[in-house]
Each structure stands twice: as C-alpha cells, then as structure tokens.
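K.L.:
Protein sequences, first through last, are from chains B and U. Under numbering that gives the first Met the number 0, the first sequence has 5 at position 6, and the numbering climbs by one with no breaks. Under numbering that gives the first Met the number 0, the second sequence has 4 at position 5, and the numbering climbs by one with no breaks.
Since the hints were made in silico from the structure, they are not lab data. Fair warning: this is a prediction, and the values are worked out from it, not measured in the lab. Just so you know, even glycine gets a beta-carbon here, dropped at the ideal spot from N, CA and C. It is possible that some hints are incorrect.
What the hints assert, rightly or not - To give an idea of the interface, some chain U residues facing chain B are shown, with a C-beta separation under 10 Å as derived from the structure:
1. R77
2. D125
3. L129
4. R130
5. G136
6. N141
7. L144
8. L164
9. I168
Each chain, letter by letter, is given below.
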Amino acid sequence: MTALIYLLPIALLMGFIGLIAFLWSLKSGQMDDLEGAANRILFDDEEDEMSTDESKET
Amino acid sequence: MDAFIGHKPDAVNAHSGQAASTPSWQHDGVTIDPSRYVTETEDGLAQLHLIVENIECAACVQRIERGLLKLPAIDYARVNLSTHRLTVRWDEAQLHPAGILEKLMKMGFDAKPFDPSFQESATDDDTDLLRCLGVAGFAAANVMLISVSVWAGLVSDMGPGTRGLFHWISALIVLPAVAYAGRPFFKSALTAIRAGHLNMDVPISLAVLLACGMSIAESFANAEHVFFDAAAMLLFFLLIGRYLDRRARSQARSAAQNLLSLRTSAATVLDDDGGQTLLPIHEIAPDMRVLVTAGARVPVDGVVEEGQTTIDTSMVTGESLPRESTKGEAVFAGTMNLTAPITVRVTKSDQDTLLSEIVRLMEEAEQGRASYVRLADRAAQIYAPAVHGLALLTFLAWWLVGGVAWQDSLFTAIAVLIITCPCALGLAVPVVQVVAVGQLLKQGVLVKAAEALERLALIDTVVFDKTGTLTTGALTLVNRDDILPEDLALAASIAAASRHPLSRALAREAGTVAALQGVVEHPGSGLLAEREGQMIRLGNRVWCGVTDEGGAHAYSEIWLKRGGAKPVAFLFQDEIREDARAVVQAFHQRGMQVELLSGDREDVVRPFADALGIDTWSAQAQPQDKIVRLNALREEGRQVLMVGDGINDAPALAAANVSLSPSSASDVSQAAADFVFQGGRLAAAVTLYDVAVKSKSLIMQNYGHAFIYNVIAVPLAMLGYVTPLLAAFAMSASSLVVTGNAMRLYRMQKVSK
Chain B
0 MTALIYLLPI ALLMGFIGLI AFLWSLKSGQ MDDLEGAANR ILFDDEEDEM
50 STDESKET
Chain U
0 MDAFIGHKPD AVNAHSGQAA STPSWQHDGV TIDPSRYVTE TEDGLAQLHL
50 IVENIECAAC VQRIERGLLK LPAIDYARVN LSTHRLTVRW DEAQLHPAGI
100 LEKLMKMGFD AKPFDPSFQE SATDDDTDLL RCLGVAGFAA ANVMLISVSV
150 WAGLVSDMGP GTRGLFHWIS ALIVLPAVAY AGRPFFKSAL TAIRAGHLNM
200 DVPISLAVLL ACGMSIAESF ANAEHVFFDA AAMLLFFLLI GRYLDRRARS
250 QARSAAQNLL SLRTSAATVL DDDGGQTLLP IHEIAPDMRV LVTAGARVPV
300 DGVVEEGQTT IDTSMVTGES LPRESTKGEA VFAGTMNLTA PITVRVTKSD
350 QDTLLSEIVR LMEEAEQGRA SYVRLADRAA QIYAPAVHGL ALLTFLAWWL
400 VGGVAWQDSL FTAIAVLIIT CPCALGLAVP VVQVVAVGQL LKQGVLVKAA
450 EALERLALID TVVFDKTGTL TTGALTLVNR DDILPEDLAL AASIAAASRH
500 PLSRALAREA GTVAALQGVV EHPGSGLLAE REGQMIRLGN RVWCGVTDEG
550 GAHAYSEIWL KRGGAKPVAF LFQDEIREDA RAVVQAFHQR GMQVELLSGD
600 REDVVRPFAD ALGIDTWSAQ AQPQDKIVRL NALREEGRQV LMVGDGINDA
650 PALAAANVSL SPSSASDVSQ AAADFVFQGG RLAAAVTLYD VAVKSKSLIM
700 QNYGHAFIYN VIAVPLAMLG YVTPLLAAFA MSASSLVVTG NAMRLYRMQK
750 VSK
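Generate coordinates for the entire structure from the input sequences, incorporating the hints supplied.
P.N.:
This is the structure we're talking about:
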C-alpha cells in the first residue's frame, strides 16, 4: 500500500500534463481547422517540389 | 447565368475608370473595395480575412499559401480549410490589398473580403466548450482509475482507511472539474428555471450537483459508495454530445456568414460634371445617376437614362429569357446587366428597393421554422418532469412508507436521478446529426441548420421553382435538326464576339469555332459582320428583316441572315435538368405532393409542368404569391419543402417548413435556405430526404433504447440496488449503443450508392 504514496501522484500528474497539453493546443489554435491539419501532413517541405506548378504564374 | 458571365475584373476597370484612385475588386458584378476590411495587427502589419469559396483540397491550400508568400510584402498567409477562409498579414506600405486579390485571381481563386467581427463571439463559445470537455475528460479518466481500485477493493481486502483516502482524492479531482466543466449546463438550467420552464439541463445539473453533494456526505461518513465518478462521467459524455451539436451548428453558421458577407457592395455614382465616385449602397439616394457596367449586377432600383442593353432578370422574377431594356424602362436591384453599360437614374433608396422588400418579406415569413420544436427539446419536456417525479416518489416512499431514515431515502432518490440521467438522451440527437451532416457534405449537400434534418423528415409536399431549379438556367438549341451545320458554324463564329446570353448559348452549341473578326454589335438588335464581301446579320426578327409572325411559342429566337438569302431561325429553350423528371417521380413515389411555383410566363410553364408530370402549378407568381400559396398549404396542415434559387424565391424559402437551394442560387436564397446542394444533380434533393428520414428513425431508435434502458434501470434504482459500479456500466453501455446505432447511417449510404 505504501507504493500508492508515489504511484497516485505520478498517475495524476501524467493526467494533468495531458490536460495542460490539450488546453495549450486549444489556445494556440490547433483545433481551429481540423480538416486543414489532416491535409497539411501531405505537404512537402521542399520548395522546389512545386516549382513547375508555380513558375507559370509569376 | 453567372456561370458563363464569369468574373471579368478587366471589364470593371475599363468602364468605371476607378482603378487609379480606389483599386477594387468585383464579385458577381458587385464592386467590393477590400481596403475597408483591412485591420492592423499588434506588430504593425495589415491583416485581411478573405473567403475563398473554391478551395477544395490540400493542393489548393498549398498553392495559395506558397503563391502569396512569394510576394515579398506578404508576411503570413494561412488557409483554414474547414471554413474556407484565408488570413493574410502583410506590409501595407508595399502592397495595396487589391494586389492580394489580384494575385489570388491569377492563381484561379475567387476571393472576397470577410468581416471577422462576424465570427468572434461564436468561436469563443466553441473554444470554451472544448476546454470544458478537456477538463471533464481529464477528471473522468482519472477518477475512474481510482474508482476501479475502490470497486475491486470492495470485494477483496481494501481497508476502510485506504477507501476513505481514495474517496477524498476522487473528491479533490471531481469537485473543481464539475465546478468548471459543469458551467454550460448550470447556466442553461438557471436560465430555464428563471424563465419558468424545464429543459434537459435542469435534471442534468441537479443530478450532477446532488451526486457530488451526497458523495461528500458519504465520504465524511466513510461509507462504501460514492458517486464522484458518475458525476464526472456524466458531464464528460454530455459535453461530447453538446460539443457535436455545437460544431454542427457553427459549421452551418460559418457557411451562412460567408454568404452574408457577399452582400456588402457599392455603386459607381456619376456626378453632373462627369466625375465618378464609388459609394456604399446605403448612401445611394433617389435621383442619383449610377453607372452599371456590362456583366455587373444592377445595384439599385431605377430607370434607364442612357444606353440600351439586355437585362437578365431570372434571379429576381424567375423569367427564363433575358429582356431588352432601353431608355425610360425600369430596372431592379439584383438583376444582371448583360451586354452594354447603362446609366440608371435611381428611383428608390436602398431600403425601398425590390431586393430589400424581398429581404423584409423573407424575415417576416420565417414561421415554418419558428413553430418547430426540436426533438431533443420535446424529449426534455416529457423526460424532466418524469424523472423528478420518480425521484421524489422514491424519496417519499422509502421515507414515509418504508420507514427508512430520511438520509438513506435521499441517497436512493439521488441514485434514481443519476441512473436516469440521460447520457443516451444527450447523445441521441447530436451523434446522428453529425454523421448525417458529414455524409451529406461528402455528397455535396451543405447543411446550414442541423435541426432542419428533423423538419425535412416530416414533409409531405414539395414545391419547386422552375428557372434555375428544375432547369439549369442555361439555354439550349431546340431546332438543331432544321439548321444546316455551316449556318450554325457561321452564326457561332459571329456570336463569339458578343456577351448576350443567346449569343453565348449559340457559341456553346456549335462547339469550338474561330471567332470572326470585325463584328459590330448593335445593342438591343443584333450583330453585323462582313465575310467575303457579304453582309451577315445575326440578331432579332427586325434586325434580320423577318416579317411573318410565325405564331407564339415558348422559345427565344435568334436569326441569321446572309446577304439576300432567306433568314434562318435558331430556337432556344431553358434546358431541363437531366434528372428533374426522375426527381419528381421519386418524390411522387415517396407519397409527396409535388407543385411548381414559377414566376415565368404561363405558356412556358404549362408544357414544362406537363413534361415533368407535375399536376399542380402556377405561373407568373410574384414573391408574395409564393408566400400566399405556402401559407395556404400550411393551413391545410401540410409540411412543405421548398426548392428554389432566385431572389424571388427567397421569401418562399424562408416561409416553407424546410428549404433547399442549388449552389448556383442567388446569395439571398442561399442564405435563406436550410440546405444548399452543389453540382448539377437535382437528385441530391432525394438523397437528402432519404438521409433525413433515416436520421429521424435512428434518433427515434436511440430514444427507444434510452427508454428501454430506463425501464430496466429505474426500478432497480428505486429499489435501492444501484451501486456506483452499476451506474458507470449502464452509462457507458447506453452511450456506446446510441453512438453505434448512429454509425449505421454510414452503411445506408454505401447501399444507396
């Protein structure tokens, strides 16, 4: 039973960290556009990937 | 007709000459000045919110963001794919806001400014609800961790001291969480009680608060059972339901806001000395002279003072054929000026125009919706008193009849409140609606009011508008077989030079032809061209010297005359939507009465109704007439679905129990309609109805399930057999069943495809 003395606070702390992380993500606007976020993972970071497409516009 | 009028920024600048002083942009022929919408951020950058309607996928997002960021002045560009809005921050010293719109237009995106003050408060509420949901979720998960140990301890070797400690830790987690996450329910319950009636939040708040209060008392007594976990879980599940419901509504609202912000517009006013100023519509007063360029919407009601043009009135009157307007004729706000610039002397100010009159009619007509009580609210009206009655009965019976101490009787009564508390009831409607709305969105139907699905399931009458709804609003050639191919090709090559709707239809019918050079347009009459020394005329009867009357018919005509040869007629008709007949039949099969209410002429409407198998129809219906007809139907006790697109349909759309518009409809109509469908398929209306009926039955099943659950659980609770473990099990099980049931809607969609 003595194990409880540290296991319980650890469990609660972990839960609390999760909650804080959620509230932070909410505050920083990550929940504003769920649909866009799902699509953004498909973007490549490299600029040159799009160069053929973009060149004709400028 | 918007589709092939297109957006021609060059036309604006060429005619109005305003580009130098106030660069502006044009949407649907209405000039919008984006600098009015620019705000300043904290670090001194200019910020503009834009609605970009045709963003569809990740590639569009990437093209817009990367494209804009290539401009050196632009610091930040971010697309929100869910709301179709774009936020841009940039240095205003380097770039005028119109430049951003221009860049977007070059990339093929049609953007218009959006006033962000529209949305702020609503988004704040959404975020607050999510925050509550997060807190409740945290509390529910952690208290469950402890509760499970307590429940296990009850059947093994947990000492009363440890149990007491666990109860107090639970209290420590749950009480602040309830105080925070319960606010939406407490607030709404308080408002309801103050107003003297009961809603679903009253029993919810009562159950949560009493459960907490009782559990504190039990903890002090170090008793076996506390209901902290039940309180946290109840809040968590109910907040999920509440959030889903809210999200469906804010999606609907953001769609409506996008539409509404389109109405901001301006008009070009001519001074006496020939100067031009751009004034917002509400500052336009009678007797001012307004310039309306070709391809622009007429911003005011007035009389043509100069110029001769063709006006497309289909959006306002429902008439499918464009009208010639010359000096002295009246024009109305909202109609489209097609062929030549005109000067209009304003006769009415903004508040008195036909368009404003229609908007006013529309606001007055919204009874069909106001009288509808949502299913969830109706359930609450039965449910809340029943639960309170049962709990009170339990308390009195145990205390007075059973002779149990009042504390124990109260404990049992609170257990009744907790066990009946409606996880399943709270989720029954929102989960089904969320699945239904998602499914419809995939099929191109935008749901603007979530509870409209409930109203739609009740309808027994469908009223259609004709032009633009049952027809495509585009003209097609009727007598192709009577025309020589070379005549068609020649006519089309001349017509390619004109923006007149008949010319455009003709050019489209012929496919690709090279445009003839040196074509001269005589507005109101026709086109003149010369080829191989021969004069060729294309235009109306008089222009081509046709003398015989040829009898009345329902077609619009254009004539071709080469040199001295006999003129050839091209007859056009507004094309019926491909699936219009099938849709009318499908509604007949579902036992609906189908009606046609058109603003068009009778000799056009009659054969049309016959062709589609519609028995009840009326022609030349004014917006007021349409409302009168809908009210008559209502008095017969009918539930009406109105399908329409024109400005003249907007009041009727608002007056009907539920309404549907194609996405090609006028802005006012889209704003008035509950549903907007995209693409040319009218069959979306039938799919929509089927989904609504299926949703209704799933919701009723969910209520049925919640009822059965209560029939079993309530007697157990009243007899005092309910432990926290049982309550937790019952709550999760009922919520899962309800959610699973809603998912069956996905399966229905697959089958129907």
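K.L.:
Under 10 Å, Cβ to Cβ, is where D125 of chain U needs to be relative to chain B, so tell me if that hint holds or is violated.
P.N.:
9 Å, holds
K.L.:
Please check whether N141 of chain U passes as an interface residue: C-beta within 10 Å of a C-beta belonging to chain B.
P.N.:
5 Å, holds
K.L.:
Under 10 Å is the threshold here; is the Cβ of L164 of chain U close enough to any Cβ of chain B for the hint to stand?
P.N.:
Hint holds; L164 of chain U Cβ to chain B Cβ min 8 Å, cut 10 Å.
K.L.:
Against chain B, is G136 of chain U within 10 Å by beta-carbon distance?
P.N.:
For G136 of chain U, the interface hint holds, since the closest Cβ of chain B sits about 8 Å away, which is under 10 Å.
K.L.:
Just to be careful: measuring from the Cβ of L129 of chain U to every Cβ in chain B, is the smallest value less than 10 Å?
P.N.:
Where the cut-off is 10 Å and the nearest Cβ of chain B is about 6 Å from L129 of chain U, the hint holds.
K.L.:
Just to be careful: measuring from the Cβ of R130 of chain U to every Cβ in chain B, is the smallest value less than 10 Å?
P.N.:
Holds. Min distance 6 Å.
K.L.:
Using the nearest Cβ pair, does I168 of chain U come within less than 10 Å of chain B?
P.N.:
The hint holds - I168 of chain U has a Cβ within 10 Å of chain B, the shortest such distance being about 7 Å.
K.L.:
Minimum Cβ distance from R77 of chain U to chain B below 10 Å?
P.N.:
Status holds, d = 9 Å.
K.L.:
Hint check: is the beta carbon of L144 of chain U less than 10 Å from a beta carbon of chain B?
P.N.:
6 Å, holds
Figure legend: structure checked against the earlier numbered hints; every hint is met.
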